[in-house]
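Those protein sequences? They're chains A and B, same order as listed. Counting from 1, position 415 in the first sequence corresponds to residue 414 in this note's numbering; the numbering is continuous, with no gaps. When you read off a place in the second sequence, starting at 1, and then add 824, the result is the number in this note's numbering.
The reader is advised that the hints may include incorrect statements.
Straight-line Cα separation of at most 25 Å, SDA-like style, residue types lysine to any residue; simulated pairs [stated by the list, open to error]:
{"no.": "1", "chain 1": "A", "residue 1": "21", "chain 2": "B", "residue 2": "850"}
{"no.": "2", "chain 1": "A", "residue 1": "224", "chain 2": "B", "residue 2": "840"}
{"no.": "3", "chain 1": "A", "residue 1": "233", "chain 2": "B", "residue 2": "853"}
{"no.": "4", "chain 1": "A", "residue 1": "21", "chain 2": "B", "residue 2": "837"}
{"no.": "5", "chain 1": "A", "residue 1": "233", "chain 2": "B", "residue 2": "852"}
{"no.": "6", "chain 1": "A", "residue 1": "224", "chain 2": "B", "residue 2": "904"}
{"no.": "7", "chain 1": "B", "residue 1": "836", "chain 2": "A", "residue 2": "237"}
{"no.": "8", "chain 1": "B", "residue 1": "836", "chain 2": "A", "residue 2": "1"}
{"no.": "9", "chain 1": "A", "residue 1": "21", "chain 2": "B", "residue 2": "898"}
{"no.": "10", "chain 1": "B", "residue 1": "836", "chain 2": "A", "residue 2": "8"}
{"no.": "11", "chain 1": "A", "residue 1": "21", "chain 2": "B", "residue 2": "842"}
{"no.": "12", "chain 1": "A", "residue 1": "224", "chain 2": "B", "residue 2": "948"}
{"no.": "13", "chain 1": "A", "residue 1": "224", "chain 2": "B", "residue 2": "835"}
{"no.": "14", "chain 1": "A", "residue 1": "233", "chain 2": "B", "residue 2": "940"}
{"no.": "15", "chain 1": "A", "residue 1": "233", "chain 2": "B", "residue 2": "835"}
{"no.": "16", "chain 1": "B", "residue 1": "836", "chain 2": "A", "residue 2": "27"}
{"no.": "17", "chain 1": "A", "residue 1": "432", "chain 2": "B", "residue 2": "885"}
{"no.": "18", "chain 1": "B", "residue 1": "836", "chain 2": "A", "residue 2": "4"}
{"no.": "19", "chain 1": "A", "residue 1": "224", "chain 2": "B", "residue 2": "831"}
{"no.": "20", "chain 1": "A", "residue 1": "432", "chain 2": "B", "residue 2": "898"}
{"no.": "21", "chain 1": "B", "residue 1": "836", "chain 2": "A", "residue 2": "26"}
{"no.": "22", "chain 1": "A", "residue 1": "233", "chain 2": "B", "residue 2": "898"}
{"no.": "23", "chain 1": "A", "residue 1": "233", "chain 2": "B", "residue 2": "840"}
{"no.": "24", "chain 1": "B", "residue 1": "836", "chain 2": "A", "residue 2": "264"}
{"no.": "25", "chain 1": "B", "residue 1": "836", "chain 2": "A", "residue 2": "236"}
{"no.": "26", "chain 1": "A", "residue 1": "224", "chain 2": "B", "residue 2": "853"}
{"no.": "27", "chain 1": "A", "residue 1": "171", "chain 2": "A", "residue 2": "154"}
{"no.": "28", "chain 1": "B", "residue 1": "836", "chain 2": "A", "residue 2": "171"}
{"no.": "29", "chain 1": "A", "residue 1": "21", "chain 2": "B", "residue 2": "858"}
{"no.": "30", "chain 1": "B", "residue 1": "836", "chain 2": "A", "residue 2": "7"}
{"no.": "31", "chain 1": "B", "residue 1": "836", "chain 2": "A", "residue 2": "154"}
{"no.": "32", "chain 1": "A", "residue 1": "224", "chain 2": "B", "residue 2": "845"}
{"no.": "33", "chain 1": "B", "residue 1": "836", "chain 2": "A", "residue 2": "16"}
{"no.": "34", "chain 1": "B", "residue 1": "836", "chain 2": "A", "residue 2": "23"}
{"no.": "35", "chain 1": "B", "residue 1": "836", "chain 2": "A", "residue 2": "432"}
{"no.": "36", "chain 1": "A", "residue 1": "233", "chain 2": "B", "residue 2": "843"}
{"no.": "37", "chain 1": "A", "residue 1": "21", "chain 2": "B", "residue 2": "904"}
{"no.": "38", "chain 1": "B", "residue 1": "836", "chain 2": "A", "residue 2": "223"}
Honestly, the hints are just simulated from the structure, not real lab data.
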Amino acid sequence: MHILGGVVDWLDSRTGIRTARKHLLDEELPPGVGWWFVTGSVLLMLLAVQLITGVVLTMYYVPSPEFAYDSVFYIMTNVAFGRVLRGLHFFGASFIVVAAVVHMLRVVALGSYKSPREVTWLTGVILLLVILGFALTGYLLPWDQKAYWATTVTVNIARSGPFGTWISALMKGGSALGSLTLLRWYSAHVFLLPAALIGFVVAHLYLMRRHGISGALKQVEGHPKPFYPYHALKDTVVSAAVFALLLTFAIVFRPPLDALADPADASYVPRPEWYFLSLFQLLKYFPGPLEPLATMVIPGVIVALLLLLPFLDSHPDRHPLKRPAVTGGFAVIGAALIVLTYLGYKDTPAHADPARWTPMALAGREFVADPQCVRCHTQGGAANPIANTRVTRDPEWLLAHVRDPEMIAPGLRPIPSGAMTESQARSILSYMKKVRSGGTPPQVSEDLATASMVFGRFCAACHTIDGEGGTAGPDLTHEGMRHDAKWLKDWISEPEAIDPAANMPSFAGRLTDEQLTAIANYLAARK
Amino acid sequence: MESSIGDTDRRKFLSRTITAIHAAIAGVVGVIIGGAISSPMFGRQQETWLPAASLTNLPENEPTPVPLRIAREDGYREVIDRRIVFLVRTANDQVTALDSTCTHLGCRVSWDAEAQLLKCPCHGGQYDRTGTVKAGPPPAPLARLTTRVEGDRVLVRV
Chain A
0 MHILGGVVDW LDSRTGIRTA RKHLLDEELP PGVGWWFVTG SVLLMLLAVQ
50 LITGVVLTMY YVPSPEFAYD SVFYIMTNVA FGRVLRGLHF FGASFIVVAA
100 VVHMLRVVAL GSYKSPREVT WLTGVILLLV ILGFALTGYL LPWDQKAYWA
150 TTVTVNIARS GPFGTWISAL MKGGSALGSL TLLRWYSAHV FLLPAALIGF
200 VVAHLYLMRR HGISGALKQV EGHPKPFYPY HALKDTVVSA AVFALLLTFA
250 IVFRPPLDAL ADPADASYVP RPEWYFLSLF QLLKYFPGPL EPLATMVIPG
300 VIVALLLLLP FLDSHPDRHP LKRPAVTGGF AVIGAALIVL TYLGYKDTPA
350 HADPARWTPM ALAGREFVAD PQCVRCHTQG GAANPIANTR VTRDPEWLLA
400 HVRDPEMIAP GLRPIPSGAM TESQARSILS YMKKVRSGGT PPQVSEDLAT
450 ASMVFGRFCA ACHTIDGEGG TAGPDLTHEG MRHDAKWLKD WISEPEAIDP
500 AANMPSFAGR LTDEQLTAIA NYLAARK
Chain B
825 MESSIGDTDR RKFLSRTITA IHAAIAGVVG VIIGGAISSP MFGRQQETWL
875 PAASLTNLPE NEPTPVPLRI AREDGYREVI DRRIVFLVRT ANDQVTALDS
925 TCTHLGCRVS WDAEAQLLKC PCHGGQYDRT GTVKAGPPPA PLARLTTRVE
975 GDRVLVRV
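For reference, chain A alone in the conformation it holds in the complex (with noise of 0.2 Å):
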């Protein structure tokens, strides 16, 4: 301890440590601040926590297309304490959005934003656009479908305004999104915007502290008191509840990683994320030639009037009641953003659930099982399990490999001996693509097995269910609405026998009896 103190005096002689210490720490802060005035600690706390988890995750994450999805995989499955470390930040980022917009509020219902603190509301102003911007670019970064399709949108949405073509180039990177959008918007969550929060985040400090706290609205009688450790232990016990709150969503929630970014993809509805909802929900009330009024003028107006506000309202009284259009005009435009949100999230198409297995999948599980693939795809085999293998690759080629897996590696392995349906290959990728998005495979009887496995080696190549399969012939989603099991066993064996211009071919000689009754059940049962 007495060496301890030795080394401090020895800095302090050489640095002020102490001095400095004592000028942060013992400000005097007036009688009557109350628990409304931690909410810009807890955004300190919950920006660092970003922060330290950020420069983790960058240990692992890869910023290309051909690597983002399966590292980001990698951290949630195979680093330790991945998922959590994960979950801190991407529901770390919903918290900062809730905690900004709480101090903001503070802030505006308190009137802390009047003179002379003009200057500390447009830094923090300032600061609520870097922090939207680092939600919006931290979206891509997974390279998920999600994040694909919400920046497709985020982009379009800014070549819809003036300059729009430029501005999206520059978005872009790249004549398409890519490896130059995804690189871009890295370069701007890891570098551009951590420097502009660090940055204005001092400013604001310093501001703060230039000017003191606003203080209650009332003089309060009393003492000041140093804000270490009465107020700091305000600080202190909040942040570490709204913390546990954090870490309790990290442990019990797995953050979300949809299947792969598929350009291809026609059948995925994108939706942003829930601090998002309010726009995506606006744009529809202007459809056409009026679309930029909802993604320019209604939030840049709104930004503008954020940004002006302590000179349209300058008037030194900072009771809310007698500012009634500030008042009213943030409880209306909190009310609109309530309420679109509400709109925008009532419209969202429930995420498929991933409890719930498309017969593809099912088969693909089953395939993937088959002595051929598993002679390789074992552990501490040639190769890895099936299950554990990256799916960031292009649908033609694990096509052409799960056809032909000598491609892979010439002369690693020798080649199965014969071929794979198309259909069954892509029931292989379907089951890839199921266990990534952290499916985890349902236990299902025999007779769910067979039938899944005749759909996926037979049906799909013309058929589809749930989403998955092929369009030659119709979708059996809903099959068992239109046919009992007797029907379509009969159909299924003969369709001539039914329909002498059926174009399906017949089965009987193909499928056994058990097989036959065991996909009629299933199609049967599907209403």
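Mind docking chain B on chain A? Use the hints.
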């Protein structure tokens, strides 16, 4: 005077409470990021048996270089490592596998049939067909890999 002492005690208590809460948060974050950063230190090396050669094709008592391709997880990627091992077949059909990595500074050794030695091109290290150091700076014999003969197939554990 009494209230001043009470105030000092209160301040001390509050300070310690703040320090304890901060330490708890830092501890939790520290465990998570510490675990994530040090994660690769605890990765297990997977071992596998690879078919390396046909026994009848191996000349007796002469180190034969055999290229092995080993599929390995490299974080989020699957890579193929290429590794050369020297297989030496003895008179009683036992096979020894020697790693081709020089134990001095990691260069690749090659078989000099004339000198009947495995020689390192970098700093002149020399080994005999059992991997024993015969000359030069290598501090240890060539590493041996476990082998197994199944019928005519020679398998090497990597």
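Verification of the hints:
{"no.": "1", "hint": "A:21 x B:850", "result": "holds (22 Å)"}
{"no.": "2", "hint": "A:224 x B:840", "result": "holds (18 Å)"}
{"no.": "3", "hint": "A:233 x B:853", "result": "holds (21 Å)"}
{"no.": "4", "hint": "A:21 x B:837", "result": "holds (18 Å)"}
{"no.": "5", "hint": "A:233 x B:852", "result": "holds (20 Å)"}
{"no.": "6", "hint": "A:224 x B:904", "result": "violated (66 Å)"}
{"no.": "7", "hint": "B:836 x A:237", "result": "holds (20 Å)"}
{"no.": "8", "hint": "B:836 x A:1", "result": "holds (20 Å)"}
{"no.": "9", "hint": "A:21 x B:898", "result": "violated (50 Å)"}
{"no.": "10", "hint": "B:836 x A:8", "result": "holds (21 Å)"}
{"no.": "11", "hint": "A:21 x B:842", "result": "holds (16 Å)"}
{"no.": "12", "hint": "A:224 x B:948", "result": "violated (77 Å)"}
{"no.": "13", "hint": "A:224 x B:835", "result": "holds (11 Å)"}
{"no.": "14", "hint": "A:233 x B:940", "result": "violated (80 Å)"}
{"no.": "15", "hint": "A:233 x B:835", "result": "holds (14 Å)"}
{"no.": "16", "hint": "B:836 x A:27", "result": "holds (18 Å)"}
{"no.": "17", "hint": "A:432 x B:885", "result": "violated (51 Å)"}
{"no.": "18", "hint": "B:836 x A:4", "result": "holds (18 Å)"}
{"no.": "19", "hint": "A:224 x B:831", "result": "holds (12 Å)"}
{"no.": "20", "hint": "A:432 x B:898", "result": "holds (20 Å)"}
{"no.": "21", "hint": "B:836 x A:26", "result": "holds (17 Å)"}
{"no.": "22", "hint": "A:233 x B:898", "result": "violated (47 Å)"}
{"no.": "23", "hint": "A:233 x B:840", "result": "holds (14 Å)"}
{"no.": "24", "hint": "B:836 x A:264", "result": "violated (62 Å)"}
{"no.": "25", "hint": "B:836 x A:236", "result": "holds (16 Å)"}
{"no.": "26", "hint": "A:224 x B:853", "result": "violated (31 Å)"}
{"no.": "27", "hint": "A:171 x A:154", "result": "holds (7 Å)"}
{"no.": "28", "hint": "B:836 x A:171", "result": "violated (55 Å)"}
{"no.": "29", "hint": "A:21 x B:858", "result": "violated (31 Å)"}
{"no.": "30", "hint": "B:836 x A:7", "result": "holds (20 Å)"}
{"no.": "31", "hint": "B:836 x A:154", "result": "violated (55 Å)"}
{"no.": "32", "hint": "A:224 x B:845", "result": "holds (21 Å)"}
{"no.": "33", "hint": "B:836 x A:16", "result": "holds (21 Å)"}
{"no.": "34", "hint": "B:836 x A:23", "result": "holds (18 Å)"}
{"no.": "35", "hint": "B:836 x A:432", "result": "violated (56 Å)"}
{"no.": "36", "hint": "A:233 x B:843", "result": "holds (13 Å)"}
{"no.": "37", "hint": "A:21 x B:904", "result": "violated (59 Å)"}
{"no.": "38", "hint": "B:836 x A:223", "result": "holds (19 Å)"}
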